[in-house]
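Input sequences plus hints: build the corresponding full structure.
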Amino acid sequence: NAGVTQTPKFQVLKTGQSMTLQCAQDMNHNSMYWYRQDPGMGLRLIYYSASEGTTDKGEVPNGYNVSRLNKREFSLRLESAAPSQTSVYFCASSPGQANTGELFFGEGSRLTVL
Amino acid sequence: GQQVMQIPQYQHVQEGEDFTTYCNSSTTLSNIQWYKQRPGGHPVFLIQLVKSGEVKKQKRLTFQFGEAKKNSSLHITATQTTDVGTYFCAVGRAGNNRKLIWGLGTSLAVNP
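Protein chains in written order, with my numbering: chain A, 2 to 115; chain B, 11 to 122.
Among the hints, a few may not be true.
Just the calculated beta-carbon pair ranges, DEER-fashion [unchecked claim]:
#	chain 1	residue 1	chain 2	residue 2	range
1	B	Thr72	A	Gly17	48 to 56 Å
2	B	Met15	A	Ser81	30 to 38 Å
3	A	Pro40	B	Thr30	20 to 28 Å
4	A	Pro62	B	Gln13	16 to 24 Å
5	A	Arg78	B	Arg48	25 to 33 Å
6	A	Asn66	B	Ala88	45 to 53 Å
7	B	Pro49	A	Pro9	17 to 25 Å
8	A	Asp57	B	Val54	19 to 27 Å
None of these hints come from the bench; they were simulated from the model.
None of the values given here were measured: they were computed from a predicted structure.
Even glycine gets a Cβ: it sits at the ideal position worked out from N, Cα and C.
Next up, the structure:
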């Protein structure tokens, strides 16, 4: 099993450009998450999806949109990238709700916005 | 909102020394999870604690959940260079909350 797969692994954007980070899991998990990780800030939740067809805002949703395309896939879109969105983005999934069991993380997508 | 304090922020030890990181909350927790992230890597689940006073061991790692369910600790006995990384706690709040609240992590460096 591949687990949680994120693409791309690295991306450089110019301010104002748009892009979509893709995430897929093959573990038949119900819940999926997008986090960003910045130095000294730990992990901050951007959006999550408790089940197919539902999405909810996390701590830092501004500037992002998400789509739970199906049970496997959860994408994160930056419509107009800003330098403040330079970060490492992690997708994660869990069988049930986040606070009831293990989160499985992808390897991360390192985004730089110039 | 709820805050999770993780201390210390950094720890430098000689190989063979013990290491402990603490996670403290101002409110009662439903559960706590611990993750390890190697430099340049992604967080990897270590364990989940749910019961008051719970103690779990994984080889050289000992995890404790406080009696009041407001704090937890991770203790590593006789550290090795493979223990290098950042250890995060992530807590679930008592009551209805689907989200985990993450600590800022403790970065562990081990001198061989």
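Results of checking the hints against the structure:
1. B/Thr72 / A/Gly17: 48 to 56 Å: holds, 50 Å
2. B/Met15 / A/Ser81: 30 to 38 Å: holds, 35 Å
3. A/Pro40 / B/Thr30: 20 to 28 Å: Given range 20 to 28 Å: holds, Cβ gap about 24 Å.
4. A/Pro62 / B/Gln13: 16 to 24 Å: Roughly 20 Å apart at Cβ, these two residues keep to the hinted range, so it holds.
5. A/Arg78 / B/Arg48: 25 to 33 Å: About 29 Å separates the Cβ atoms of A/Arg78 and B/Arg48, which means 25 to 33 Å holds.
6. A/Asn66 / B/Ala88: 45 to 53 Å: Holds - the Cβ-Cβ distance for A/Asn66 and B/Ala88, about 48 Å, lies within 45 to 53 Å.
7. B/Pro49 / A/Pro9: 17 to 25 Å: holds, 21 Å
8. A/Asp57 / B/Val54: 19 to 27 Å: holds, 25 Å
No hint from the list above goes unmet by this structure.
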